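Peer 1: Throw the hints in and build the complete structure from the sequences for me.
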Amino acid sequence: MSQSQRVPLRKRVRVKTLLLALLSVWLLVLFLTLLLDQARDWPTATVGDALLERNAETASANAVTSVVVSYRGFDTLGEVTVLFLAATGIGLLFSAPRPPSEPAAAESEIAAAPPNEMMITGIRLLFPVLLLLGVYIVLHGHLSPGGGFQGGVVIATAFFLRMLADPDFRLDHTRLGALESLSGSGFVLIGLLGLALVSTGTFLGNFLPHPVASMGQLLSAGVIPLVYALVGVKVGAEVGAIFQDMRET
Amino acid sequence: MLEFLDSPSVLHGLHTIGSLTLFAVGLYGLLGKRHLLKVFISLALMELAVYLLFIALATTPGETAPILSDGLTAFVGMADPVPQALTLTAIVIGMAVLALGVSLAIRYHRLSASADIRTLADAKD
Amino acid sequence: MEFSASPVWFIALPLLAAFSAPLWTRWHLLDHLLFGVPLVLLILALGLFPTVHEAPLLETIVIAPPLGIHLHLDSASLLLVTLFCFAVTLVAAFLWLGATDSHLRGRRPFVLILLLLVGGNGLVLTGDLFNLYVFLEIAGVSAYVLSALRDDRPALEAGLKYLIIGSVAALFFLLAVVLVYLQTGQLNLAAVAREFAAIPPAMQGLIALLMLIGLGIKSELFPFNFWVPDVYRGSDPAVTALFSGLLVKAFLFVLVHLAVLIWADPAVARVWLMTLGALTLIVAELAALRQDDMRRMLAYSSLGQIGLIMLALGFFSETTTAGAFFHMINHTLVKLLLFLVAALLLRRCLSLRLEDLAGAARVSPLAAGLFVVGALGVLGLPPFGGFMSKLWMLQGFAEAQRIWPIALILFAALIEAGYYFRWIRVLYAPVAPAASADTKTTPEPWAAYAPLLLIAGLMLLLGVAPFLLETSVVEAAHALLDRDLTLQSVLGVAQ
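Going down the list, the protein sequences come from chains A, B and C. Going by full-length UniProt numbering, the first sequence opens with residue 1, and the numbers climb by one from there. Going by full-length UniProt numbering, the second sequence opens with residue 1, and the numbers climb by one from there. Going by full-length UniProt numbering, the third sequence opens with residue 1, and the numbers climb by one from there.
Hints were generated in silico from the structure; no laboratory data involved. Since we're looking at a predicted model, the values are computed, not measured. Virtual Cβ for every residue (Gly too), placed ideally from N, Cα, C. Hints are supplied without guarantee of correctness; some may be wrong.
[Unchecked claim] Okay, the calculated bits of chain B under chain A, using three or more residues with CB under 8 angstroms as the criterion:
hint: 1; stretch: 11-17
hint: 2; stretch: 37-48
hint: 3; stretch: 64-71
hint: 4; stretch: 80-87
hint: 5; stretch: 101-113
[Claimed, not checked] Each pair of labels, with its calculated beta carbon distance range:
hint: 6; chain 1: B; residue 1: V10; chain 2: A; residue 2: L22; range: 24 to 34 angstroms
hint: 7; chain 1: A; residue 1: V15; chain 2: B; residue 2: A113; range: 45 to 55 angstroms
hint: 8; chain 1: C; residue 1: R26; chain 2: A; residue 2: G201; range: 28 to 38 angstroms
hint: 9; chain 1: B; residue 1: V10; chain 2: A; residue 2: G122; range: 41 to 51 angstroms
hint: 10; chain 1: B; residue 1: L37; chain 2: A; residue 2: T33; range: 51 to 61 angstroms
hint: 11; chain 1: A; residue 1: T17; chain 2: C; residue 2: P383; range: 51 to 61 angstroms
hint: 12; chain 1: A; residue 1: T17; chain 2: B; residue 2: S9; range: 29 to 39 angstroms
[Claimed, not checked] Non-contacting residues of chain C with respect to chain B, defined by C-beta distances greater than 10 angstroms in every case (computed):
hint: 13; residue: A12
hint: 14; residue: P22
hint: 15; residue: T25
hint: 16; residue: G159
hint: 17; residue: L171
hint: 18; residue: L286
hint: 19; residue: G359
hint: 20; residue: P382
hint: 21; residue: H478
Peer 2: If you want it as structure tokens, here you go:
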């Protein structure tokens, strides 16, 4: 009886799949005709070009960084906030005790497969290099490709590798939380300082001296490297905390 | 032989076709797949398609990265920096939401031993 | 630059408080700050009314529009920001005074609620399209986590469902933003509005459709709102009070604001928005009739009221829009009251199903009484504010000689009366309350009722003296609908 019921069900699913595929393809064709029609004449005078022309005033050699941190720094503040929210939520979900019905199967799996010698040695060699690379990427965000987000993730990955190599390695949650809140508050406070000082008068204004002559040097572009360093610390701490949360469970 | 690829309209057309195909694949997965992780993968695919479309269409062939280095001295002939900055922001946001979603799915799977989106959709009191 | 009066504070202050949460945890200041921060902002907002009455405040961030991001504080956004701060203050007071469950106390809910306020404020204040997307995600992500806060199966289901649907909405909105930038090269709302007419018509339609889908999902309009009751059912009533009172209002405002800005001629948008509003109203009210769970019933009722507000806002006439703003305020008050009453009843009776609530008025007479007050407020009966706001909307439609919206609104009110009286009758049923009810006989502290009584008092005040709000509401409607004024005040600065 179950067999006779199952066949029409499977049939129905197949029809549904077909319809869905057709729908997707139809939408695709619709979009394509619309967009390909327009693809020839994208405008040349965009906000970005205007910003690029003015970019010398920020004294940052990397125009993307000056857009991310300075001109559209407010977006970046929001983005850091979303990451903070996600880390808070993940912490909430994984801090709860495991339901009693579930056996601790995952843990026995981890115990059954200890990290091998290759990995331990390799990670011991890689860890300082990765850390250095992350710090370099964060600090040179206004000079070369990279910046707080990229560098922060590299730093967090270095710690994640440590976790893989050493089952007893733990990141201290209170310390991570302190770092996170310190860098986040620092970001907002720098923004408010820009608002309070007469020389800039806007939220997130660049109140430190940023002479154009120093463009290309490590100490240039005023608050931009400072803000990016804070973003790097915050992203590193948050992604690290997410790794730690997911691993603890 | 492949010079015609350098003309902006051909290149932009190819980018459009590619990223929109990715979008359609994601849309199909979102509507058709039942496993929660597959749904999240489809969402990530669609997001990726949007980023790709943005970056590809906002840059014309021949422009350099908007960074002063390797002897460049002025900000001319460079790609528009705003789409790159916006995409960076959007990628981080997308990553955060995805991580949260996967964590919710893992937790839900622990509590209900199910990762099927249909049990989710049929959930009543 | 007036340092104290900057609209940046509405975003920066709660953000700062949320980021430094570990400090407040250590000093045991979480409850005080969760109440204090929105209260300070509420006072600031009230203090800004005279300034904004003169001219809208424009706060440039780093670089002047149309190149950079700016915050635009006009009468409409100020009214909504005031409302949001007030709603969060009340919910915080409720959480602080009523000894609520542990999952609503502590560092994480503190962070989430404050960031929900940041998201709502940012949505109505920002004048930049991509920044709007960022705030949409902030409000969204905090809402996803808030609905999963209780961490049991229904709550996780609600959170997952909300997250998937909300991400799809955000994705569609992002695609619309990308297409706008590729077409016009602008991100500032006023600049986009100026250039939008130059976009080819087919592309205009696509962008508008994508925005309508994205924001329609977020603001819970009819074809996109199938997920709402499940989310409201799974989340805590105190949290859903914020969703219904704060979040949806912010998205409704954004939807109408964008529709006004990008179309110089509102005729197209009017047809779409009014149809969606009317459908939402009627479908939700009909569905509410059959609900056996108080949270679901309230969710459908909230949807119905949102449809009503959309119907009036989408008509784009000054009278109906003023009425809609007034109704937004009333609806926020009523739904805060009803959801918080539901939270109290849930704690007392351990269930919000219709059969379990029979005779609940004997166990907690004050909560049942407040439910009756809230129900009368939703229906729009005379002593309460809802009466005046519905009257204004009806007057607006009557002035324009539109009969069908009037008939629809009155019909919906009739259905509402049907199901609210059903619930009231059950609450006051002459049967002994269910056995589960008296197992937990610890009486509520009187302080827990203080915020609810305050809301009831305000509803009464607004019904008796609607002229208190009249000027600000009319100004808000004017600011929302006057496209040229917005364009001039934003782009005039740049030149």
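Peer 1: Which hint numbers doesn't this structure obey?
Peer 2: 2, 7, 10, 16 and 17
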